[in-house]
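Number of protein chains: 2
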Amino acid sequence: MADTAPAPVDFRTDPSQYRHWKLALEGRVARVAMDVQEDGGLRPGYELKLNSYDLGVDIELHDLVQRLRFEHPEVGAVLLTSARERVFCAGANIRMLGQSSHGWKVNFCKFTNETRNAIEEASAESGQVWVCAIKGACAGGGYELALACQHIVMADDGTTSVALPEVPLLGVLPGTGGLTRLVDKRHVRRDRADVFCTLEEGVRGRRAVEWGLVDEVVPRSQLEETARRRAEAFAARSDRPAGARGIRLTRLEREVGGDRIAYRHVTCALDRTRGVAEITVAAPDDAPPAGLAGIHERGDRFWPLAMARELDDLILHLRTNEETVGLWILKTAGRSDAVAAYDQLLDQHAGDWLVREIRLFLKRVFKRLDVSSRSIFALIEPGSCFAGTLLELALAADRSYMLDGTFEGDGRPAPAVRLTALNFGAYPTGSGLTRLATRFLGQPDRADDLKGRIGEDLEAAAAAEAGLVTATPDDIDWEDEVRLAIEERAAFSPDALTGMEASLRFAGPETVETKIFGRLSAWQNWVFQRPNAAGPRGALQVYGTGQRPEFDRRRV
Amino acid sequence: MADTAPAPVDFRTDPSQYRHWKLALEGRVARVAMDVQEDGGLRPGYELKLNSYDLGVDIELHDLVQRLRFEHPEVGAVLLTSARERVFCAGANIRMLGQSSHGWKVNFCKFTNETRNAIEEASAESGQVWVCAIKGACAGGGYELALACQHIVMADDGTTSVALPEVPLLGVLPGTGGLTRLVDKRHVRRDRADVFCTLEEGVRGRRAVEWGLVDEVVPRSQLEETARRRAEAFAARSDRPAGARGIRLTRLEREVGGDRIAYRHVTCALDRTRGVAEITVAAPDDAPPAGLAGIHERGDRFWPLAMARELDDLILHLRTNEETVGLWILKTAGRSDAVAAYDQLLDQHAGDWLVREIRLFLKRVFKRLDVSSRSIFALIEPGSCFAGTLLELALAADRSYMLDGTFEGDGRPAPAVRLTALNFGAYPTGSGLTRLATRFLGQPDRADDLKGRIGEDLEAAAAAEAGLVTATPDDIDWEDEVRLAIEERAAFSPDALTGMEASLRFAGPETVETKIFGRLSAWQNWVFQRPNAAGPRGALQVYGTGQRPEFDRRRV
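Sequence lines, in order, name chains D and R. Read in the numbering used here, the first sequence has 53 at position 53, and its numbers run on one by one without any break. Counting the second sequence from 1 gives a position; the numbering used here is that position plus 556.
So that you can see chain D by itself, here it is in the shape it has in the complex (with noise of 0.2 Å):
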């Protein structure tokens, strides 16, 4: 928001505080109806008119999100609706983006789309299948929700359209993923989304259906029932259980204080001088479960889970009230056989639907650090347990230094990292994936190959000739490597870096998602940079004064 930021964002809430959404479930039908407080804004000076959105909107459908997933196991289809008669959703605050900073509104971009990536997930892999009923005006931002729903049913009434106005209103992009699902999603043909991004009134009716913007139109009246009986007849073939208990996804509890985040099994120290997080991932500390029913009687105090959750809380928090900490470093702390044994259980019952929704979650939390405009360095060290799900941290960090041996004078054993069956397919990135076979996109088997070696500790020597780490210092070398390494990274150019970043990290196929983060946020960026959008006389900034925008008209 503005420069000088108020109190910090928090991202926990439940259903209890919500302003903006309401939930009712139905059976295996949850109904999800956009409500929108128009005084609920986050932050004060604009208002939320016409069901538009801001940050605080999009946090309570992340969290709402998350918990039809693991509270509702009945729950097979959701049905997206609008509370209001006349407009659907119109899209992202356009006063809150014209008083943002630029990092705030590409940080918000990226939140929002992530939710939108959950939702699409949710539907493909969770058999918890969103539509999307939409009656009155449906733009922008409200669109491209819409777009992130399996099916879309639009009332026929001559009012009711989607648009994606931003270009010819704003001067900016329909960038929270709106370009590329038109065309890589729906496969809307290129000329038709070039006429429709440039139509500030949008499209309606027939035409929405015959260009592949909607799934179907029908009258006004039958709207309810018709998208009600597609998310029945979703809910009817999805595998999720219609008799199981849910588990409560209890309030997070963490301190924040000073220079230090402690949740229970994740700590983050922060040295804001130097302009780095150290994150500790801590092992499990107690045995695990016996069987799946301890898994499920568990709940979200099993091990993966409330790492999981707390991790995801700790990235959130980093990007959004920690904007000048940009280099995070993670470690890890304690036995490899307590990670491993977990593991084992995420293996071993990866139909169930509860473990399926933790190891979805994971993989979706380790996408977030992908995307994480920070950059990211693994210290591998004694004591840690880089082992399986804690080894992605490492494979997902731009560079790991691995010491050689141990510390003088130090008792505990040369540190080892150890792959799991979990590395090799539960947590595939943006790309489709794992973060081992990009990392050997040139050597396919590689990979493969390296599964032969699940279960094996793996000191400096092996992991290097694995291919696992970037370097391995000694006792001699580590200190002034590492430090050397951080103080470095500390001077480069804070944009140089995310750009590449952003382009090292997604070697290989492409996919919707990560050609939105890639492709789609990148020129997003750029706009949102350019004075035609941002400056005093851009787009974004006279939109609703009355007073037209001035262009540099040169084309880059």
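In case anyone wonders, no lab produced these hints; they're calculated from the structure. Note that beta-carbon positions come from the ideal geometry of N, C-alpha and C, so glycine has one too. Be a bit skeptical, because a hint or two may be false.
To be verified - Chain D regions said to be covered by chain R (calculated; three or more residues, Cβ under 8 Å): (1) 62-69; (2) 178-190; (3) 193-207; (4) 315-326; (5) 505-514; (6) 524-531.
Given chain D's structure and the hints, the job is docking chain R onto it.
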């Protein structure tokens, strides 16, 4: 360059005018040595020290790549070297970049990368394989040039190195393909790429091979011989005919004056007030030659080649010298039968080396349209000939308007479009798909089905039904609809249009090429626009002054 540009840039040149490159023909191998003249900058204000380059240097390289392919069928491999002993190439000239406008920098990077794409295409599809021999420092754009070659041999002499020092030294990206080619072409492991891109001094010797940065290192005394042997081996496997005679690319004649640019087959009318360029491509006015010998005999007067050269030059001219002309309107004039007859020749003799070059050149020209940051409309009117090769112009456009029927009082028949065999594979886009396949991404059979309609003249209704055109107004609506669309386009933010078009034009699979143009370039554009690089205390501005850059440390 400076915001008030001096004389327009002319992309036409020939070996007699080269100042920066030496070409030696040695049988099947051509030897190209970079030898940049320090005082040979295209604009005043900088010296091209250490074999650094500016647009002028790259215009010559572009010409050279082109001539090697057309004028030298006997050349099966190209050996790229430096005429300097201590430096291979220091990359793009930093002072030139520092004094350039945002638009100039972006356009410069785009053109240089297109030339590197042409080098890669020569290696992959033209039987003219580029081999690079590096001695001395090879940094930034110098290494990016090497990365475009098929095989890189480097001297192992303690001083020779490859480096991408943009991030640590300049606060910008290796944005001419470097980052993408590292991980996606050469499959350098991402953590090693991360280390490499932050090392000012780069990497040399065995480690460069181990990391995949180069293909082999040899003692300096053996560099010349090894590289030559590699080139000879590639040449020996080339299918280019050693005994054939090339065709000469004579100087392109054109008249540039006021608001008109005229070539033999291509004309352009500029309306700078409205920001519109109307480009008309004329069908051949002569009968096609009788057979293959006739094609060779006509040489660069052969219509497809002559037209391609003219259109290519015009695109480059407009991009560089007419920045505020944001909308290109493509028209054609002449008989579809004439175009189709030439297409038949290009189809029939596809195996001939010259015909292959002509088809590949046309492919490159159309790809230049795809990545031009200009809106493109096609107008399909009576008297037009959007057939086959020329139909690609309409398919490359962001949208097309086709008159349904005739104009009142105009004796000419209603316009028609026509598919030929060449629309089904001769001119793939950067993604590897044809423009038809990209258009019908959601219905993969549809492009194939259209093969059944090759040769048919499709008037508006049929063309619309086949999905080939965007809108088909009739005589009554035509003028208003087209005029309005043009006026509207001119009123939008040029930046938003650039981002939108770049997102909508490249649906479907991604390749190194599309990743560079879409993802990497977008990030580079963003970085180029950021105060941390381009502001008064930005890294790019203070480089070489002895001052340290000042960074806003917020990560975005």
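Evaluation of the provided hints:
1. Residue count for the segment 62-69 of chain D with a Cβ under 8 Å from a Cβ of chain R: 0. That is fewer than the three needed, and the coverage hint is violated.
2. Coverage of a stretch by a chain is defined here by at least three residues with a beta carbon nearer than 8 Å to that chain's beta carbons; for the segment 178-190 of chain D and chain R the count is 9, and the condition holds.
3. Check result for the segment 193-207 of chain D against chain R: holds, 5 residues qualifying (beta carbon to beta carbon below 8 Å, three or more required).
4. Figure legend: the segment 315-326 of chain D, annotated as covered by chain R; annotation consistent (4 residues with Cβ-Cβ distances under 8 Å, at least 3 required).
5. Residues of the segment 505-514 of chain D lying with their CB closer than 8 Å to a CB of chain R number 6, which satisfies the three-residue condition for coverage.
6. Coverage of the segment 524-531 of chain D by chain R holds in this model, with 6 residues showing a Cβ closer than 8 Å to a Cβ of that chain against a need of three.
Going through the hint list in order, the structure does not satisfy hint 1, though it satisfies all others.
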